[in-house]
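Visitor: Heads up: the sequence lines are chains A and B, in that order. The first sequence: position 469 = 469 (our numbering), numbered continuously. Add 482 to the 1-based position in the second sequence for our numbering, that's all there is to it.
No wet-lab data here; the hints were simulated from the structure. Ideal Cβ positions, reconstructed from N, Cα and C, are used throughout, including at glycine. It is possible that part of the hints are untrue.
[Said to hold, decoys possible] Chain B regions said to be covered by chain A (calculated; three or more residues, Cβ under 8 Å):
#1 584-591
#2 726-738
#3 742-755
#4 812-818
#5 838-845
#6 913-920
#7 932-939
Number of protein chains: 2
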Amino acid sequence: MDKSQYNFEEFNTLFYPKHISMIGASENSKFGSMLYLSAFKNSKWADTFYPVNPKYDKILDWKCYDSVLDIPYPVDTAYISLKIDVIPKVLKECVQKDIPWVIIFASGFSETGDEEGKQIEKELKKIIEGSNTRVIGPNCLGPYNAETGMKFSFTSPIGTPGPVSFMSQSGGHLTQLVDIGVKRDLRFRYGVSFGNQIDLNCLDFLKHFHHDPGTKVIAAYLESFGSADGHDFFNELKETTKKKPVIIWKGGYTSDGSRAAFSHTGAIASDFKLWEAMIKQTGATLVKDNEEFWNTIKTFEILFPKYIPKGRRAGIITPGGGNSVNMTDLFADNNLEVPHLSKESQEKLAEILPKENVNVKNPIDLGAYGFVVDVFIKCIKIVVKDPNIDIIVIPLWPHHLFNYVFKRMIKIQKGTSKPFLFCLPSIADSFELAKKFNLARKILNKNRQLYFLSLRDAANSMALFCDYIDYLKSRNIQIQTD
Amino acid sequence: MDKSQYNFEEFNTLFYPKHISMIGASENSKFGSMLYLSAFKNSKWADTFYPVNPKYDKILDWKCYDSVLDIPYPVDTAYISLKIDVIPKVLKECVQKDIPWVIIFASGFSETGDEEGKQIEKELKKIIEGSNTRVIGPNCLGPYNAETGMKFSFTSPIGTPGPVSFMSQSGGHLTQLVDIGVKRDLRFRYGVSFGNQIDLNCLDFLKHFHHDPGTKVIAAYLESFGSADGHDFFNELKETTKKKPVIIWKGGYTSDGSRAAFSHTGAIASDFKLWEAMIKQTGATLVKDNEEFWNTIKTFEILFPKYIPKGRRAGIITPGGGNSVNMTDLFADNNLEVPHLSKESQEKLAEILPKENVNVKNPIDLGAYGFVVDVFIKCIKIVVKDPNIDIIVIPLWPHHLFNYVFKRMIKIQKGTSKPFLFCLPSIADSFELAKKFNLARKILNKNRQLYFLSLRDAANSMALFCDYIDYLKSRNIQIQTD
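If we strip away everything but chain A, and leave its shape as in the complex, we get (with noise of 0.2 Å):
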């Protein structure tokens, strides 16, 4: 395979393998590949997956090889869980048997920092030249598909699948997001964990991910380029948000951040501000932290395409004066406007709610009337008609909770194409709450529902989004609604 000339169909045998090999597999391993194997015996590939250790003939019950040259069936990706001095020979019986994906799992390459680790890194991109085998890793992952349910990450069930495709240097970032995922009903297709990147890299996920028609949303981890060209990966960045949003966090952005990214995955401090204004721009989304990374990509999954708001006008409906001048300066400091409403709104807004502790102009204070559903939802479609107004917004209190409350303000939001984000602030903190909640959780993720547990992170997140819109329309790029 001519390593220039991507053939991105050869990726389907990676996130779609019949033949799966796992090199070192034992059932004595103290963590995690005992996991993985015992989940493969339940699994689709239970009849084609070859445990290969020379130590033993049975594992789990299935028949256990002395190498992979010893498997009679061809082998379309092979995981290797080794010390790191005995992979370089098994890497080149996985090359000879013409492997095409070989992911290893194993750390203590230059990621130790030591000169060991870094030779046998080159040691085995010197085995796969000219081949027709790839490797990612080491230290990672590998791959993992939403829709088979083939992952190598022991913690998290696979939720509904769904459009968003991640590549994350970081295995346990990998396995959070998934975890996450379930929990928030956020909906993926592919994902990798690259870790090292010594081979496959970031580029090659990206441009993966960009031509695959199934991704809509693309996300990332990464500490550094990898085995990337950041020349090359800034053009393909560059290309794909014309067509999809592409969603980075950087780990290792300040200088105590990079030293520990070294340790990680081996990462060379790159110089953050050159990743700042690469993503500036390409139109890419910069996130930093965790919370960020997974509520801006639950964000552009629900709303892109489909809810693409005219401009940054916030329309906020809530009871309490305190709370809404606090709504009111999040979004405003996130880059968001909380304008006027209409006169034509504030005056039918008028008609609803008492002259005393209100607000109709924006950010819409319903004082003791926010308690009153019918007065709620009366407010909150005067609001989404509003011509001043592209983002609607409501933070809800534990009073909200209840499915005929819901019901009501999802049938507005169906309506419309503005976007709704829903804010439940400080549940973690009650467990009566966190009860509630969860039932309320069942009816908002049901409705693909955007919703949020800080109102800051909604601020934010839907600020990340309007960014993104904004970059496309200053480049005159027309979305694709499907």
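On the provided structure of chain A, position chain B as indicated by the hints.
Guide: The following block gives chain B in isolation, referenced to the frame of chain A:
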């Protein structure tokens, strides 16, 4: 009472009233006041509570009076819950009866922007001029006392009393703070919501809390100075922070937010840069949203003055490379440091941990061994003793939320004066996790441990605490550690 020469002891009858009157009491009110009434019926004030309303003879079995002047007892505090146009008449009667504290609930004054409301505010000020009566509000909930359980907020129970006194221009924020306080075991002493501050204001309460020996931490939500003089507030703040921290949440810090604040409490727009400068120069702590407010209060409450870090150097101990990088970025981005451990500590850690997939320098990435409790505990002990480390940060995973794990970690915490931060990310999404966390929370609260539900909040609040300590050091101010 001479307003310029405050007798602070007089505030006692505000926070510890015996005789309370409610003017405009009614069993038929739709919102709020009816709930207050029944709460008082079951309180220690049941026999010294006097409803006033000429429409009724009896309310909830209390005798109801036509006017405060008919009450045959002295009255310490009178709450007025009436339409604004009849308030002047009623306030005159309060003055005539020498009632020291009058709390005006009603809204509809200067915050409406209408001339009528402004005029009535002026009239009210005139009525109390030179009298023995002081007004709190209008547009407020008035005083709160965690020790006696006195409050006019209707959602929250009262938690364990403690050292935090707070003032809030918003009644909603007061209620929310008390609610959060109960859930997070944040311990309060006094509180007050004072709305439009036409008479008693933020300066009066700052002075009171400053000189109150039971108050160790002061928190304030402010949209404006109200009737206080900004310069006087500045001077008082500067003196106060020499003895105790003052955390100020300035509502309406954006221009859209400032408009919202006007509609809320009639707060006149003031330049946020001036507030920022004032807060910085006085050593007070500035926060800008609800979560930041709650987390920072909790941090100061738990740490001050017992756990004063020597510097800003954090030791982060966690399983997971990606997570290590994330935490390090967040701490470093918040102006804290994540320095290398001493060579000695690194060697000790290397003896315990494997060579691969870990980091013994700091952040300490335990790899898969982070899930082995004995190893985790040993590593924490080493980091606590390291001379390069001032602050201990422990991001916990669902696997750690067990009684026996906490018990061991808490034991280490009790043996050091270095601040300990437990971080429990992303609990809100999962009901199962919330259930598990509910037990963990009880242990953490009982042991007065500092924990966060967001890594970012942990870093931010800790940095604000270090900022205050640095301010004191830069002024050579000694902290009295009791």
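Visitor: Now, for every hint given, state plainly whether the structure supports it.
Guide: Now the hints, each set against the structure:
{"no.": "1", "hint": "584-591", "result": "holds (count 3)"}
{"no.": "2", "hint": "726-738", "result": "holds (count 6)"}
{"no.": "3", "hint": "742-755", "result": "holds (count 5)"}
{"no.": "4", "hint": "812-818", "result": "holds (count 4)"}
{"no.": "5", "hint": "838-845", "result": "holds (count 5)"}
{"no.": "6", "hint": "913-920", "result": "holds (count 5)"}
{"no.": "7", "hint": "932-939", "result": "holds (count 4)"}
The structure is consistent with each of the numbered hints, conforming to all of them.
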